[in-house]
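These protein sequence lines are chains A and B, in that order. End of the first sequence sits at 75 in our numbering; the numbers just go up one at a time, nothing left out. End of the second sequence sits at 167 in our numbering; the numbers just go up one at a time, nothing left out.
Think of the hints as simulated: they come from the structure by calculation, not from any bench. Note that the structure is predicted; figures quoted are calculated from it, not measured. Misleading hints may appear alongside valid ones.
What the hints assert, rightly or not - To give an idea of the interface, some chain B residues facing chain A are shown, with a C-beta separation under 10 angstroms as derived from the structure:
#: 1; residue: Q4
#: 2; residue: K76
#: 3; residue: K90
#: 4; residue: M96
#: 5; residue: D99
#: 6; residue: E100
#: 7; residue: K162
#: 8; residue: V164
Don't be surprised by glycine CBs; every beta carbon is placed ideally from N, CA and C.
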Amino acid sequence: MAKKIEITNNIRKLRFFANEMTQQELAEKAGVSRQTIVAIEAGKYSPSLELAFLIADAFGVKIGEVFDYEMKGDK
Amino acid sequence: MSYQEKRTITEIFSALLILIAYGLYIINRFHAHTINMQELKPWASAMLIFVGLGIIATIIIQILFHILLSISIAVKESVAGKDKGQDINKAIANSMVGDEMHKLIELKSSRMSTFFYGFGFIAALVSIVLSSPLPVMLNILFGSWLLGWIFEGSVRLIYYRKGVRNG
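The whole structure should be built from the sequences, with the hints applied where relevant.
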């Protein structure tokens, strides 16, 4: 049985500590649209590994500090 | 509402416009007795005309949409105090960025519309098996193309609203 992975993120917190960086600023740094950042932050979209690294790079932190995961029960 | 959602709505609007225009055109021609269920040629030419009109209408509507969107962004930026040409151009470019999420949504929604076309093809075959006139088959195929277009846009809107998962 495959387990479901729920990807969580700390983008909101990291934006706050990055001088209240706006979603638009983060989007520009990562080279995506603001809508994509909004969706990632709200947990509605799981980014590709490449984009996840770009977001982490925008905050100057390791990817593990931005994204985490939770194992959900057997499906 | 984001640029992608607005663009999708204009696409749905184009498809609806073509569907309604085609329906009205066919009703008028039926009333004028210039089209019937025995001849295929008038149906095929009508559909070809509407396919062409659909493409032209979509291009015109998209051009108008982009002009209006650019004007509205420029006005908003001017009101916000960013009246430098570069800032406004940057804001317009930023609002129209297409990225991996949009590509994934387009891919998933086009897959859904392909199911719709496939269903239309099978329904058209069934109509022949049931000895329906051939124009019925043509109309089912044409209708499934238009409805698939609308369906694809609707699915895309749902993905933009509810989010999309990889895999």
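Check your understanding: Which of the numbered hints are not met once you compare them with the structure shown?
Key -> Hint check: 2 fails alone, others pass.
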